[in-house]
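Those sequence lines, one after another, are chains A and B.
Counted the way our numbering counts, the first sequence spans residues 1 to 280.
Counted the way our numbering counts, the second sequence spans residues 1 to 280.
Possibly wrong hints are sitting among the right ones.
You can't tell identical chains apart in this list, so a pair holds if it fits in one copy or across any two.
Dumping the calculated DSS-like pairs for lysine-lysine here, alpha-carbon to alpha-carbon at most 27 Å [as the list claims (entries may be wrong)]: (1) LYS100 to LYS255; (2) LYS2 to LYS20; (3) LYS139 to LYS19; (4) LYS203 to LYS255; (5) LYS207 to LYS270; (6) LYS20 to LYS270; (7) LYS237 to LYS20; (8) LYS139 to LYS5; (9) LYS270 to LYS227; (10) LYS193 to LYS207; (11) LYS20 to LYS193.
Keep in mind the hints are simulated off the structure, nothing from the lab.
2 protein chains.
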Amino acid sequence: MKVLKTISEYRAWHLQLPKKANLGLVPTMGNLHLGHQSLIEASLQNNEFTVVTLFVNQIQFNSSLDFEKYPRTLDADLELCQSLGVDVVFTPEHHELYPKGHSTYCEVQNLDNYLCGLSRPGHFQGVCTIVLKLFNITKPTTAYFGQKDFQQVRIIEQLVLDLNLEITISRELIIREASGLAMSSRNLRLTEKERENSASLFKALSKAKLAYTNNERESEKLSQIVKEHLNLTSNDKIEYITIASQQSLQPLMEKINEPVVLAIAVYYGKVRLIDNIILE
Amino acid sequence: MKVLKTISEYRAWHLQLPKKANLGLVPTMGNLHLGHQSLIEASLQNNEFTVVTLFVNQIQFNSSLDFEKYPRTLDADLELCQSLGVDVVFTPEHHELYPKGHSTYCEVQNLDNYLCGLSRPGHFQGVCTIVLKLFNITKPTTAYFGQKDFQQVRIIEQLVLDLNLEITISRELIIREASGLAMSSRNLRLTEKERENSASLFKALSKAKLAYTNNERESEKLSQIVKEHLNLTSNDKIEYITIASQQSLQPLMEKINEPVVLAIAVYYGKVRLIDNIILE
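Next up, chain A with everything else stripped away, as it sits in the complex:
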């Protein structure tokens, strides 16, 4: 496995690949968990070459404290990639991707007006910009994203379509802990009590899905079911429970008449968790 830190090193590696090689990309901010592992495995199964990027992208953070506190576990990440059979880990420094004078940004309008976009101004612009840069550098044929960040993968799909990039975006299923809690780097920051309660996210989403399967189509009622099944203390807070169009991400306030995602963001103490379930 090659560990490359500069764009020119990466380009030299890429240049010697066969012309039509399938190249899978798994862009990450490191601190790899089983969710990332499933993306890497999907890439390894379907491509001759797999590249994992480890880069904590400062411009997508809404607070510099949050950026600084983001867990960095490079040695463990490299070990995992090596053991899985990854071909290249690209792990550039900040100044390699954002040299002095960098001033180009990319955004997908409208799709960032909902869900997490509401509370995180600029976040998706930061995501779009880094993902576009990493696409241009690594030149994948397929890129892998987890469906836990439903809005993110929907935005990246639109970016690829609108900018006429010849890259397939592969959405992978949410990987969960035994309790049902979706895998996230943030789970480590939960107290024991918060961890216990946060298992209710998936249970609540599943209850709503059951009702949907039993023909409940009132958006308000399904949201109510989620709310009722969440375990929260007075330190916890719901940011949103939203039923949104899978295509436009616009909330459906009344009758559900198209494929939707039921998405949720909850603060357990200071830890913001997101999860979602598909209703279709």
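Following the hints, position chain B against chain A.
Only chain B this time, still in chain A's reference frame:
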């Protein structure tokens, strides 16, 4: 010469090129004049293949009337391209590049805060977005831009750098009519009197350059020289006379101590003309 209207036709053509072929791109809005011709000739001289795009990009216009009035001369444009030896003309319809739901935009911040950016909000975002799309579709090794739109070519250079595109941007010199007037599709809209007076743009810029060569370094004095040598009637109006850093495009208000461009925008009647001269 192939005339292609769809992205998939273009991709099929591009796929059969030799792997490391040099491909020159000349992106235009059509209505080709000698300025465009010099870009095409530069590309033909330096590349195995040359692609010219003809596409009036609605999203970079500040008024829909201006967009509708933009001259379309497809037959003459194709004839010129054919006679010069262009390999492919790519001339898509609006919906081919902007299908329903398109919502991704790209911008170079800061560099669009000056010069023409001041009076044309959103213009350079429209330019960046279409140029990035055309780059992604046509996959050139070099793209050719005229230096008349100094700010545009500077912005595109930054875009390519920041987004890690492997494309060389080639700046070509301004091509002028015998009078000194810079070639532009808009020149056709000038009245005889306006045409006569607008020749003073280049003369005025040249007078300032002469003063600069003779060691005048006061920004204000050089601007004053331009102002004094412009022929204007009461129907005409200066939009700006600005001495700006070639790198940052920031105006230099006092002493000139770096490579600058002396740029000017003037309305002759209803026709907005731009021109510039390099001082270094």
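#### Entry: Structure versus earlier hints - violations, ascending order
Per hint list: 6, 7 and 11 violated.
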